[in-house]
Amino acid sequence: MSEEKGATAHTEAPPSPKAPKRREEREEVVIRFAGDSGDGMQLAGMQFTNETAVAGTDVATLPDFPAEIRAPAGTLFGVSGFQLNFSSHEIFTPGDNPDVLVMMNPAALKVNLKDLKAGGIIIADTAEFTEPNLRKAGYETNPLEDGSLDKYQVFPVDITTMTLRAMEGLNLSQKVATRCKNFYALGLTSWLFTRPIEPTIRWIQNRFKKDPELVEANLRALKTGYFFGETAEMFAVQYEVKPARLAPGKYRNITGNTATALGFLAAAERAGLPLFLGSYPITPASDILHEMANYKHFNVYTFQAEDEIAAVGAAVGAAYGGCIGITATSGPGLLLKQETINLALMTELPLIIADIQRAGPSTGMPTKTEQADLLMAIYGRSSDSPVVVMAPATPGDCFYMAFEAVRIALKYMVPVIFVSDTFLANGAEPWKIPKVSELPRIETEFRTDPRGFQPYLRDPETLSRPWVRPGTPGLEHRIGGLEKEDITGNVSYDPANHEKMVRLRAEKVARVAMDIPLTEVRGDSSGKLLVIGWGGTYGAILEAVERLRAQGKSIAHVHLRYLSPLPADLKNIIPLFEKVLVPELNMGQLVKIIRAEYLVDAKGINKIQGQPFRVSELMEKMQEFLEDS
Amino acid sequence: MSEVTIPDAKLTRKDFTSDQEVRWCPGCGDYSILAQMQKILPELDIPRENLVFVSGIGCASRFPYYMNTYGFHTIHGRAPAIATGLKVSRPDLHVWVVTGDGDGLSIGGNHLIHALRRNVVIKILLFNNRIYGLTKGQYSPTSELFKVTKSTPYGSVDYPINPIEIALGAEATFVARTIDVDVKHQQEILKRAHEHKGSAFVEILQNCNVYNDLAWESVTDRNTKADNTLVLEHRKPLIFGKNRDKGIRLRRDMTPEVVTLGGEIDQSELLVHDETKPGMGHILSRLGAHFPTPIGIFRAVKRMTFDQGTHVQMDNAKKKLGPGNLEAMLNRGDTWVVE
Ligand code: SF4
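Quick note, the sequences are listed as chains U and L, same order.
Counting along the first sequence from 1, when you hit position 261 you're at 909 in our numbering, and nothing is skipped either side.
Counting along the second sequence from 1, when you hit position 315 you're at 370 in our numbering, and nothing is skipped either side.
Simulated from the structure, these hints should not be mistaken for laboratory data.
Heads up, some of the hints might be wrong.
One-sided excerpt, in silico: chain L residues whose CB lies under 10 Å from chain U [said to hold, decoys possible]:
#, residue
1, S87
2, L89
3, T124
4, I130
5, I137
6, K142
7, S161
8, N165
9, Q242
10, V327
If you want the footprint, here are the derived chain L segments under chain U, 3+ residues with CB under 8 Å [claimed, not checked]:
#, stretch
11, 220 to 234
12, 257 to 271
13, 278 to 291
Since this is a predicted model, take the numbers as computed values, not measurements.
We put the beta carbon where it would ideally sit given N, CA and C, even for glycine.
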C-alpha cells in the first residue's frame, strides 16, 4: 500500500451545488434500507439511526434480516432490511409503512414495494438491476424502466459504479471496494434528509482504525454519496425533520440488548457485588454476551460455556459463591436451562435468566420476533416451581427491568426470568441516560454470624433465606436439589414439610407483588375496553389506543412489565371495563392467564408471523371489537 | 502488650464429619473413599470453610452431605459446570467435584470434558462402579460389552468408555486412577490431586456390592491384585507382579508388551514412566486386556489455568482502562443533550 494516497484530500472539499435545493419540512419519516444480506444494510440502518438520534429526533427501529449470514445474492429470501421511523414528535413504533425505500437490488424492491406508501420515494442502485438479478427476483421487465413505478418518486442512482469510481487510487480489490456501497447509499440518504454524517465519520474512523485504507474507502463512499445528493439535479428537494421535544437530559441511542447488559452492570455496581454472566451463543441474545465481555475492568466475569445448561449452571455456581449470577439466552436455551433454574429455586439462590424470545418452536425463525415463551417462563418447569417473570416494554426500558430483575433476585433469593424479544433486542431508540446517583442502591447482606444460623431460616418480610458465601467460618452447611426441611435445610421426605415448602416458595414469589410499582392505566380509568399488553408490543398498542382515543373511543391501555407475580392492583382495574382485549405475538398466552386469574372473558389479538404488530392492524381489530359490543 | 499467638487447634477427621447419617448400602466402596477424604483433609492445613464439595446425582453424589464443609448437591451431570462458575469467581476456595460413571460420563460427559480442557482448578473424583446404583442397576457407559442388567436383559451392545482416555483426550493436566479399597494409594493420589495447580481428574475404581459386586475383583482380590495391577511411579520403570518380575517394554513398532525380568531381559529395557511426557498417558491408558490395570498418575503437567487466565485478563483491563466507571460506561458513544 502506498503512502502518498493516504491523505483525505480527495473527500474534503465538496463540489459546489449546481442549483439551489428546496428544503421541505416533514414531521415524521419512515425509511427502509434493503439489499442482500451481505450488502451491509443493517449497518447503514444503524448508522442512520444514530445520525438522526444525535440530530435530536425521536427514532424507533425495526431490523429485519434472514438467519443466513450471506444468503445467496439477489434472492428474495436473502433480502435484509432495516426500517426506522424518525420524527419531530414522540414516537413509539418503527412505523407501519415506509415513505422511502433505499433498494440495493431488484429482490429488495420486489419484497418491499408492497409496503411503500403511495407517492413514496424509491432510491435504487441501477447497477444491480441486471438481467440475471431481475430474473432472480421474478421481474420480467426492469421496473425502473417499464413504468410500473410511475406512482412513486423514483431516483435511479448507479450506486455501485459511483462507489467504485470513488475508490480510484486506493489499493483495494473490486470486492472490497464494492462492499463500501452501503456507505454511499447512507451518505446519499443522509443528505436527502439533512442528517449529520459526522457521527458516521467518527464511527468509521474508530471501527477501521487498524486499516487506514478502509477508513479512507468508507469515508469516500459516504461523502461521495452525500455530495451526489447535493449536486445531482434529480434531487430537487431536501427534507428536514426537526428535533423532537423529548424530556430534557442527556441522550444516547440504545438497543434493547445493550440496555439489558448495561442494566445488569448498573445493578451489580449499585449492589457492590461481582457479576458473573454465563452464556452460550444464540440468536438474538449473543449481543448481551458480546457487550458484557467488554466490562472486564468492572468486576464482571463473562463465561462462554460449552452449552446452555453449563451456562446457567456456572451462573448458579457463581451465585452460590456470592456473585450476581446471570445467564442470557433465547427460547430454545431457556428450555434447556429449566432444570437448573429449578435447582436455583430449590436452593433459593438468586439467579437472573434473560430470555430474548425469537419466533417459532425448535429452531423456528431465529432472527424474527415473537412473544411465545411466556407460559414456558412462568410454568415450564417440573412440578410447582414459581419464579419471578418480568418483561421490558421498550429498548430503553430493558435497562430498568434488567436492573429490577437483579434487585428482586437478590432481595428474595429467587430466580427471575427477564423476558425480552428480538424486536426490543435489536431495535433502537433515544435513551435518556440516567445519573448513577439517581439509581437506587441494592442492599444485600451475606450472613456471617454463626449464632442461631440455619440455612433455611427466613426473613419474616421477604421470606428469603440467608445468603452465605462459602469461606465463611462456622457456617459450613450443605444445600441441594432434594426437598429441604423447613429452617434446617436438611433433606426431608416428610409429607407435611413438602407441602409447607412448596407453599412457602410460592408465597415468597407472591410477596414480590407488594414490592413493584402500581399499574399505570393510560386513558380513562374505566370504560368500554381495556387493552392489556406486555413486552415489546408496547409502542404499537399505545399508538393504536391513543389514536382511537383521539377519535373519542372509550379505550384504555395497561402494559404489564411484571408477569409473575401480576401486580396486586390489576384485579381492581379489570372490573372497571366492560371488555378486555390482550394483543400478543403468539397464539394467546397472557390472555389465558388473565382469564384464569380474573375470571374475565378476555379476548386476544394474535399475530404469529415473526413480525411486530402494525398500528393499523391493531386499530382495525380493536375497532371491530369495540363495535361488536 | 505482649504479642501472643495461639495456634489454631489442628483439625481432625471428626471435624470433617457432618451430622448426617451416611445412607450408602453397607459394604459400598463409597465408605472407604469418604473415610480417606476425611483422613487427608486435616493434613492439608486449609481452613474447613474454604472447602466446597459439589456433586451431581447418583450414589456417589451424596458425598457432600457427609462432609462437614460447604457442600452443593446439584443436578444430574452438571456439577463440573456449577463448580466452574464457583471456582472462577471464587479462586480462594478449594472446590472438589464428586461424580460417578453415569453422572460424569453419560449425562454430564460434555461438562466433564470442557471443565478439564479449560483447566479450571477443580478436583474431579469419578467413582467408577460400572453400573447405575441409585436407579437400581442399569448398565452404565463404563459397563463391559454384553452386560446383562434390568435395562439390558439380552446384554448391552455398546462398548464401554475409558474414563482415563476421555480425560487425556480433553487435555486434562492431571489424570490419575486409584482403587476404593487401596487406602494408602488413594490418600496419596487425593493429596497429589489437591496439590496440583490445575484441574485434576481421578478415577476411583469403586465397588457397588449391591448391583455390580466384584466388578474390580481382579485388582482388589488379595491373591490376584499384584499380578493385575501396575502401580505407576514417576521416573520409575514399569514393573509389576507378586514377585515384581514382570515389566512393560515397548516393541520396535512402539506397541507395549509384557516381559518377564531376569534371564535376558533386565530393567533397563523397560518403559520408564514419566507423568510429564507427552503420549505416555495414552500408551498406559490403552494397554488393554492382556496387561495389568495401571493405577497412579498417568499425567501431571503445568499449564495456564482458566481461573488464572480469567483474572489476569480482568486485572489487565483494570490497569489499562482504570477501574470500571459506570457513569462513563452509560455515557459511552455519541450523546446529545435536550435542553
Ligand atoms: S447401590 Fe451400589 S453404589 Fe449405591 S450405595 Fe449401594 S452399593 Fe453403593
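Hints and how they fare:
{"no.": "1", "hint": "S87", "in the structure": "violated, 21 Å"}
{"no.": "2", "hint": "L89", "in the structure": "violated, 14 Å"}
{"no.": "3", "hint": "T124", "in the structure": "holds, 5 Å"}
{"no.": "4", "hint": "I130", "in the structure": "holds, 5 Å"}
{"no.": "5", "hint": "I137", "in the structure": "holds, 4 Å"}
{"no.": "6", "hint": "K142", "in the structure": "holds, 8 Å"}
{"no.": "7", "hint": "S161", "in the structure": "violated, 14 Å"}
{"no.": "8", "hint": "N165", "in the structure": "holds, 6 Å"}
{"no.": "9", "hint": "Q242", "in the structure": "violated, 22 Å"}
{"no.": "10", "hint": "V327", "in the structure": "violated, 36 Å"}
{"no.": "11", "hint": "220 to 234", "in the structure": "violated (count 0)"}
{"no.": "12", "hint": "257 to 271", "in the structure": "violated (count 0)"}
{"no.": "13", "hint": "278 to 291", "in the structure": "violated (count 0)"}
Of the numbered hints stated above, those contradicted by the structure are hints 1, 2, 7, 9, 10, 11, 12 and 13, listed in ascending order.
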